[in-house]
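Please build the complex by placing chain L on the supplied structure of chain D, with the hints as guidance.
Quick mapping for you: the protein sequence lines, in order, are chains D and L. Sequential numbering of the first sequence, starting at 617, is according to the numbering used here. Sequential numbering of the second sequence, starting at 667, is according to the numbering used here.
These aren't lab readings, by the way, just hints derived from the structure by calculation. Note that CB positions come from ideal geometry on N, CA and C, so glycine has one too. Each hint should be verified, as a subset may be incorrect.
A few chain D residues facing chain L, derived, Cβ under 10 Å [claimed, not checked]:
#1 V651
#2 V654
#3 F686
Straight-line alpha carbon distances no greater than 25 Å define the calculated DMTMM-like cross-link-like pairs of lysine to aspartate or glutamate that follow [claimed, not checked]:
#4 K723/L / D642/D
#5 K771/L / E761/L
#6 K680/L / D642/D
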Amino acid sequence: MANAGNEIAFKKETVAKLLTRSFKEDRTKVSSDAVILVAEMLKVFVEEATRRAVKQANSEDCDTIDIEHFEKILPQLLLDF
Amino acid sequence: MKMDEDEAQKQRLKAAVHYTVGSLCQHIAADCEKQITKQTIAAIAETAFRQCDIFAKDLEAFARHAKRNTVTVDDVKLTARRTTALHNYIQQKSEELALNNQELKEKRKKNAAKRKSKDMEAEEENEVED
Numbered sequence: 617m618a619n620a621g622n623e624i625a626f627k628k629e630t631v632a633k634l635l636t637r638s639f640k641e642d643r644t645k646v647s648s649d650a651v652i653l654v655a656e657m658l659k660v661f662v663e664e665a666t667r668r669a670v671k672q673a674n675s676e677d678c679d680t681i682d683i684e685h686f687e688k689i690l691p692q693l694l695l696d697f
Numbered sequence: 667m668k669m670d671e672d673e674a675q676k677q678r679l680k681a682a683v684h685y686t687v688g689s690l691c692q693h694i695a696a697d698c699e700k701q702i703t704k705q706t707i708a709a710i711a712e713t714a715f716r717q718c719d720i721f722a723k724d725l726e727a728f729a730r731h732a733k734r735n736t737v738t739v740d741d742v743k744l745t746a747r748r749t750t751a752l753h754n755y756i757q758q759k760s761e762e763l764a765l766n767n768q769e770l771k772e773k774r775k776k777n778a779a780k781r782k783s784k785d786m787e788a789e790e791e792n793e794v795e796d
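The following block holds chain D by itself, in its conformation from the complex (with noise of 0.2 Å):
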C-alpha cells in the first residue's frame, strides 16, 4: 500500500475525539498508540478509496474523478474494511 505524502495525516487529537465519542460506554478509554494505528487506518481507507475511484475513472477515459466513480467503487472498498 502506497504512502501519499507522508506529512499529510489525521491529527491525533481530532482521532481520539472522533473514537471517543463514538463510544457507548463513558469508562471506556482509548492507548494513545491505538489512537495513531486508526489514524494510520483512516489515511489508508481515504487513500484507497481516492486509488480505487481513480482507477474507476481511468476505466472510463476520465480526466476527472467524479461522484460517480466514488460510488462506484464503494461497496467494495466497505466490504473490504
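Using the frame of chain D, we list chain L on its own:
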C-alpha cells in the same frame, strides 16, 4: 444545551476530517495526473467520518470482550483483519510504533544518566555509541 454543544463538536470534527481528506485526495489525484471534484472529496470525507464510527464501536466491543476498559493496539489490529494487505500494513506500523517507543525510552534513560553523571568520560562514551 448539551445537544447543541454536541452538534457543534460534531461539525468541528467533520470539518477537521474534511480538511485532511481534501489534502490527501488532492495529493493522490495530482500524483495520478487527474482532477477530482469537490463533491467527490466531500463524499469521501463523509464516508471516512462514518467509517470511523464503525471502527470505534468495533474497537470498544473488542476491548470489552477482552475484559478491558482501554482500547489497545491489539484491538486495532483486529479491525484490520478483513484484508491481508491491510492487516500486514497495520502490523508493520504497530511494530514501527513499538520500536519508536523503545528508542524513546532508551533516549530518556541516556539523558537521565547524562544529567546525573558530570563525568566527561561518560559523555564521550555516549557520543561514540551513536
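Right, here's what the structure says about each hint:
1. V651: Since chain L brings a Cβ to about 9 Å from V651/D, closer than 10 Å, the hint holds.
2. V654: Holds: closest Cβ of chain L sits about 6 Å from V654/D, inside 10 Å.
3. F686: Result: holds, 5 Å to nearest chain L Cβ.
4. K723/L / D642/D: Roughly 13 Å separates the two Cα atoms, so the pair holds.
5. K771/L / E761/L: holds (15 Å)
6. K680/L / D642/D: Roughly 22 Å separates the two Cα atoms, so the pair holds.
When held up to the earlier numbered hints, the structure conflicts with none and fits them all.
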